[in-house]
Amino acid sequence: MCGIFAFLNYHDPKTRREILQTLITGLKRLEYRGYDSAGLCIDTISKPPALEVVKTVGKVAELEKLVQTLSQANMDQSFPVHCGMAHTRWATHGPPNTINAHPQSSDAHNEFTVIHNGTITNYSVLKMMLLNKGHVFVSETDTEVIAKLAKHFYDLRAKDGETVTFKQIIAETLLHLDGAYAVIFKSSHFPNEMVAARRGSPLILGIKSQKLTPELIAVGSVVPDMVAPVLSTPPVPIKQHLMNNEYDFHGSPTQFFLASDAGAIVEHTKKVFYLEDNDMVWFNSRGQFEISNPEKVSLSQSITRSMKTLDMELEQISKGGFSHFMLKEIFEQPDSILNTMRGRVSFTELKVTLGGLKTEMDSIRRSRRIIFIACGTSYYSAVAARALVEELTDVPVVCELASDFLDRKVPVFRDDTCVFISQSGETADTVLALNYCMSKGAMCVGITNTVGSAIARATHCGVHVNAGAEIGVASTKAYTSQIIVVTMIALLLGADHSNKQARVREIITDMAKLPDMVREVLKLEEQMKQIADFLHQKKSLLLMGRGYQYASCLEGALKIKELAYLHSEGIPAGELKHGTLALVDEDMPILFIATRDSLHDKAMLALNQVISRKGKPIVMKTKGDVLPVDLKDCTVIEVPPIVDCLQGIVNIVPLQLLAYHIALKRGCNVDQPRNLAKSVTVE
Numbered sequence: 041m042c043g044i045f046a047f048l049n050y051h052d053p054k055t056r057r058e059i060l061q062t063l064i065t066g067l068k069r070l071e072y073r074g075y076d077s078a079g080l081c082i083d084t085i086s087k088p089p090a091l092e093v094v095k096t097v098g099k100v101a102e103l104e105k106l107v108q109t110l111s112q113a114n115m116d117q118s119f120p121v122h123c124g125m126a127h128t129r130w131a132t133h134g135p136p137n138t139i140n141a142h143p144q145s146s147d148a149h150n151e152f153t154v155i156h157n158g159t160i161t162n163y164s165v166l167k168m169m170l171l172n173k174g175h176v177f178v179s180e181t182d183t184e185v186i187a188k189l190a191k192h193f194y195d196l197r198a199k200d201g202e203t204v205t206f207k208q209i210i211a212e213t214l215l216h217l218d219g220a221y222a223v224i225f226k227s228s229h230f231p232n233e234m235v236a237a238r239r240g241s242p243l244i245l246g247i248k249s250q251k252l253t254p255e256l257i258a259v260g261s262v263v264p265d266m267v268a269p270v271l272s273t274p275p276v277p278i279k280q281h282l283m284n285n286e287y288d289f290h291g292s293p294t295q296f297f298l299a300s301d302a303g304a305i306v307e308h309t310k311k312v313f314y315l316e317d318n319d320m321v322w323f324n325s326r327g328q329f330e331i332s333n334p335e336k337v338s339l340s341q342s343i344t345r346s347m348k349t350l351d352m353e354l355e356q357i358s359k360g361g362f363s364h365f366m367l368k369e370i371f372e373q374p375d376s377i378l379n380t381m382r383g384r385v386s387f388t389e390l391k392v393t394l395g396g397l398k399t400e401m402d403s404i405r406r407s408r409r410i411i412f413i414a415c416g417t418s419y420y421s422a423v424a425a426r427a428l429v430e431e432l433t434d435v436p437v438v439c440e441l442a443s444d445f446l447d448r449k450v451p452v453f454r455d456d457t458c459v460f461i462s463q464s465g466e467t468a469d470t471v472l473a474l475n476y477c478m479s480k481g482a483m484c485v486g487i488t489n490t491v492g493s494a495i496a497r498a499t500h501c502g503v504h505v506n507a508g509a510e511i512g513v514a515s516t517k518a519y520t521s522q523i524i525v526v527t528m529i530a531l532l533l534g535a536d537h538s539n540k541q542a543r544v545r546e547i548i549t550d551m552a553k554l555p556d557m558v559r560e561v562l563k564l565e566e567q568m569k570q571i572a573d574f575l576h577q578k579k580s581l582l583l584m585g586r587g588y589q590y591a592s593c594l595e596g597a598l599k600i601k602e603l604a605y606l607h608s609e610g611i612p613a614g615e616l617k618h619g620t621l622a623l624v625d626e627d628m629p630i631l632f633i634a635t636r637d638s639l640h641d642k643a644m645l646a647l648n649q650v651i652s653r654k655g656k657p658i659v660m661k662t663k664g665d666v667l668p669v670d671l672k673d674c675t676v677i678e679v680p681p682i683v684d685c686l687q688g689i690v691n692i693v694p695l696q697l698l699a700y701h702i703a704l705k706r707g708c709n710v711d712q713p714r715n716l717a718k719s720v721t722v723e
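Residues in the sequence shown are numbered from 41 upward in steps of one, following the working numbering.
It is possible that part of the hints are untrue.
[Said to hold, decoys possible] 27 Å max Cα-Cα, derived DSSO-like pairs, lysine-lysine:
hint, residue 1, residue 2
1, Lys310, Lys248
2, Lys569, Lys601
3, Lys579, Lys569
[Said to hold, decoys possible] Restraint-style ranges between C-beta atoms, simulated for each label pair:
hint, residue 1, residue 2, range
4, Val337, Ser580, 15 to 25 Å
5, Asp200, Ser164, 21 to 31 Å
6, Ser580, Lys336, 47 to 57 Å
Keep in mind the hints are simulated off the structure, nothing from the lab. These figures come from a predicted structure and were not determined experimentally. All C-beta atoms in this analysis are idealised placements derived from N, C-alpha and C, irrespective of residue type, glycine included.
Taking the hints into account, I'd like the entire structure generated from these sequences.
What follows is the structure, given as structure tokens:
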């Protein structure tokens, strides 16, 4: 949701053409997040300095065409110092149109401009105050309030003859904002300067400079588990090497990049700072930047953030020969599954090691209750592994949707372990639920696919999913890797129970087979295309399963809904007689998961009921298995057998392929489904 990108070059001359191309490319790297308009802000060459805002409804490609209409004579104008910013907006306040697109301006002269990801919850109160002060609003966004508030405070200081810095104006502005934001400001009053800040929405700062010698880099590459890397010598804060208590690159050609996602930065540099809540960064015109956190220390005091090295390659965010990111990510699952287990599961010793949980394992083992809290696909990954956690721990396990959890204000106690699952690590409702549980004193564990994310930083301990960059809005490889992470946690907790050892060994032995099993079911793509030919003109699809396969039905239905815009519903087969059976007839498309496990006989009772009422289900069964029902009118999908708790990982892959091909048949945008965004960072 909402992509933010900014590019600053100091003592490193760039033409206007190069600046615009860098900004446009940065937005293209963020297109997968979902958006409906785009815009950018650059400097003009006029005297006195002014800001030029360009924005449009639609895709970044439309913005790219629009900037070509700017004065061609100026495209080769060189800027030794320049700050530019760009944005893709996902409409929340006001419909998608050019006026509501970002950047938003303080006035017709663009004295202050801002791009913003998040939601300002008190914007209506601030808007009323500013209207009473004579400010005129032109958009329906909450973001316009931010720009006008900055101008309001600047005008007050200028009226009194005060000399203020850009940083001071923005700090005062931010003080009046409630809600979540990642924001970047430019102002014609402060040429060649920029201020950025975040609260509850991600923002990353990247640096490319000849002055970044090895001794200035405080911390090395990020590691798989959410713990600090082990260094041979203690990390040295980068600030100790620099002058005037600032990060000083004065005199050295330097480029800075700000983005809501590392994917927009990695092609330029791998040296980044992950900004934390209430951090504010001020870039001055001398090639220096200063990080402050007014919530923690005085505005006059700068603070230190450790530099990280991105463990990501540009190839990870390219399609790599596939027609869509989603298809590429489906086919990456044999490798992503292996990477999730790599270094953690010993297939010779049949044991699991999770370094990110090591220091807190005793507390987790003493828990009276384990609560999994997540949204969407991440929630279904918890449902998929819930029964195994209960089986191996003998502890009650609850799965909660983060939004509903917050609405109900669920009682949470100090002897609870709360596990927060999020691919991005920034999901707004999940982060809010984390804050709630932390305030109650519960043990909080994070499972994310993004190092440095809000959940990774705020939880007591956690595990990095290590599935690699996932660009398609519909999660695929993150889902299967999340199930594996929860499974590994269950195995680790079950290792202390002597009566569970045979079960633990059985599961670990079959985990070694998973990559090959997934490779085998990927060969079913042609059959999924044929089934998609039948289903794509239907109006509905019911997916039924029992036990471990109920989660597969939920997730499969979600994929079909979000990709193909086809109504689909995951049904627990045990509840068939409690309403759903009324829908069953020869015209209702049904997909029934009937792979063999301990509940197979019960599942067969439900399948028989469907067939006896003239249903013609698509049946997914274990390869070679002979079912005690008549399948002559049924389409059969055969998948290889594996231990019951891992079968859902194998079974979901054909459903992902099915959703993909139904979407193609219906002419849908597979990577960017309508109305949806990859990272839901606002409520």
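Right, here's what the structure says about each hint:
1. Lys310 with Lys248: 8 Å, holds
2. Lys569 with Lys601: 17 Å, holds
3. Lys579 with Lys569: The hint holds at about 18 Å.
4. Val337 with Ser580: 15 to 25 Å: The hint (15 to 25 Å, Cβ to Cβ) is violated, given that Val337 and Ser580 are roughly 57 Å apart.
5. Asp200 with Ser164: 21 to 31 Å: Holds, at about 28 Å.
6. Ser580 with Lys336: 47 to 57 Å: Once the Cβ atoms are compared, 53 Å apart, the range 47 to 57 Å for Lys336 and Ser580 holds.
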